[in-house]
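Work out the full structure, taking the sequences as your base and the hints as a guide.
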Amino acid sequence: MGRITLSKVTKTFGDVEVIPPLDLEIEDGEFVVFVGPSGCGKSTLLRLIAGLEDVSSGEIEIDGRPATDLPPARRGLAMVFQSYALYPHMSVRKNIAFPLKMAKMDAAEQERRVLAAAKTLNLTDYLDRRPGQLSGGQRQRVAIGRAIVREPEAFLFDEPLSNLDAALRVNMRLEISELHQSLKTTMIYVTHDQVEAMTMADKIVVLRAGHIEQVGSPLELYRSPANLFVAGFIGSPKMNFITGEEAAKHGARTIGIRPEHLAIAQDGGSWRGRVGVAEHLGSDTFLHVNVDGQDPLTVRVPGEAGYRHGDTVSLTPNLEHLHRFDETGLALR
Amino acid sequence: MARRATGTRKLVVTALAWAVGLAIFFPILWTILTSFKTEAEAIASPPSLFAFRWTLENYVEVNSRSDYFLHFMNSVVISLGSTLLGLLIAIPAAWSMAFVPAKRTKDILMWMLSTKMLPPVGVLVPIYLMFRDFGLLDTRIGLIVVLTLINLPIIVWMLFTYFKEIPGEILEAARMDGASLWDEVVYVLTPMAVPGIASTLLLNIILAWNEAFWTLNLTAAKAAPLTAFIASYSSPEGLFYAKLSAASTLAIAPILILGWFSQKQLVRGLTFGAVK
Chain A
-12 MGRITLSKVT
-2 KTFGDVEVIP
8 PLDLEIEDGE
18 FVVFVGPSGC
28 GKSTLLRLIA
38 GLEDVSSGEI
48 EIDGRPATDL
58 PPARRGLAMV
68 FQSYALYPHM
78 SVRKNIAFPL
88 KMAKMDAAEQ
98 ERRVLAAAKT
108 LNLTDYLDRR
118 PGQLSGGQRQ
128 RVAIGRAIVR
138 EPEAFLFDEP
148 LSNLDAALRV
158 NMRLEISELH
168 QSLKTTMIYV
178 THDQVEAMTM
188 ADKIVVLRAG
198 HIEQVGSPLE
208 LYRSPANLFV
218 AGFIGSPKMN
228 FITGEEAAKH
238 GARTIGIRPE
248 HLAIAQDGGS
258 WRGRVGVAEH
268 LGSDTFLHVN
278 VDGQDPLTVR
288 VPGEAGYRHG
298 DTVSLTPNLE
308 HLHRFDETGL
318 ALR
Chain B
638 MARRATGTRK
648 LVVTALAWAV
658 GLAIFFPILW
668 TILTSFKTEA
678 EAIASPPSLF
688 AFRWTLENYV
698 EVNSRSDYFL
708 HFMNSVVISL
718 GSTLLGLLIA
728 IPAAWSMAFV
738 PAKRTKDILM
748 WMLSTKMLPP
758 VGVLVPIYLM
768 FRDFGLLDTR
778 IGLIVVLTLI
788 NLPIIVWMLF
798 TYFKEIPGEI
808 LEAARMDGAS
818 LWDEVVYVLT
828 PMAVPGIAST
838 LLLNIILAWN
848 EAFWTLNLTA
858 AKAAPLTAFI
868 ASYSSPEGLF
878 YAKLSAASTL
888 AIAPILILGW
898 FSQKQLVRGL
908 TFGAVK
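Here the protein sequences come in this chain order: A and B.
Using the working numbering, you'd call the opening residue of the first sequence number -12 and step up by one each time.
Using the working numbering, you'd call the opening residue of the second sequence number 638 and step up by one each time.
Keep in mind the hints are simulated off the structure, nothing from the lab.
Positions of the beta carbon are idealized from the N, C-alpha and C atoms, including for glycine.
Pulled a few chain B residues facing chain A out of the computed Cβ check, cut under 7 Å:
| id | residue |
| --- | --- |
| 1 | Glu806 |
| 2 | Ile807 |
| 3 | Glu809 |
| 4 | Ala810 |
| 5 | Asp814 |
| 6 | Gly815 |
| 7 | Val825 |
| 8 | Pro828 |
Set out below in structure tokens:
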């Protein structure tokens, strides 16, 4: 069982506090994604849980047992690294078997588990190859294979897909999600890509400068972001923010409206503007509309929109989905 | 036109490289040639390059006068022994410097290297006295210890630069996979660093083989390696060039052959840290 609890965990490097006191509860079997911009401390947090970095203060419990001072090898966690970190001098078979060999498991059982993992991950034909002879996606699978053979309490993924090309990334995303469905083991996944976070997570932890900005399910974060940062980070394209008089009308310092919650028409509507760039994706069209006295607004129109550069349009926000924020950036409810 | 210019340039560079190569190799060639001359021809002026009466008498003479095999074995034992002992100490040292560096690691590395800048003669008397008191004079073990210490900074530096090239994530992966520190070094780090360790080993064997200051000063007969064997043929007067050359040829032949077969590793070793 893989329930992980962090209480008042901090990390400082020299004089720099990377993680200020932080509490977090990860339930058994959950798929948790740490997401945030580069340098927000998400990888450091993962490494603290892994035991690859020592906490500066605070406690980590895995399964109710104190793990703060345990070396990584004894925490019962498996990790998949961004660079795959395969052993280049060993065959795929030996790579996958390595954790079992370290656990001094008997050879027959090792072989049985390696074959089972290879079958799950479509690696059976490659067992005798070296990592250098594999493609990026296959290497990633070997890294995952090495993690699953030992049946850990939890899996840690450190930006595992960022070295893959876009098409492969979507595939691997699905494979990892399926793996979670079948294993039902706790997974902690670090990424800077909010699409990965939204599509894979049971629970997203949004981090900024070592602080947890918000914890919640993907749709909770989408529907009711706790502050400006989360509102701007979750969702693609980004939420539009409007300040000044327009915001004051709604009793807020800043109002936010997602591109999909703006209705576009020839005239009428609340705000008038001119179409700048139009991005045609086929399924959707993103229109960047320049509105007088405001930052440009992005509008998402389903399907192919007939608007062109320079057209005058009028926009109407769907008030049900309007987000209001106070002067400190916190959401007004 | 441009092609012609690069062609000429290539020719000049090639000729220059050959000239430099020959200039460097010439003393060795001359030594080898001289070893096949008679003593009279060895000092003849003008000297002849190849047109002399080839003879093996110097080799016969050198072998009857001294025990080549003893000195050869001493050289082998001392250079191999000091290299292996050095690696045994340097692998963990370089591991810690490369993967768990502290604030002053760079300074320690510099300080280690700075000991190589000390003129060895500065510590000759204290080391000689220590050797005398511990009964280490003219022993192989004594020389192994001294040569290990002399070359240790270079071994640590070389291994450090090789280890630096190994991604730390791979070692972390091993740790996550349940490897102890020992497993990590034995199953992951060392096999990955084999090319680096091999060139360090080779370079260090050569350095130890050629080391002359300490071997000449701390040995007499029993533990004297080939350097002392060569030195015993230089004398203040009389004709000795041909015999000296024969002794030198015998001393450098094994290391020359070793070097020839391991050129690739050696070039990597000698340019260590130059290319990342």
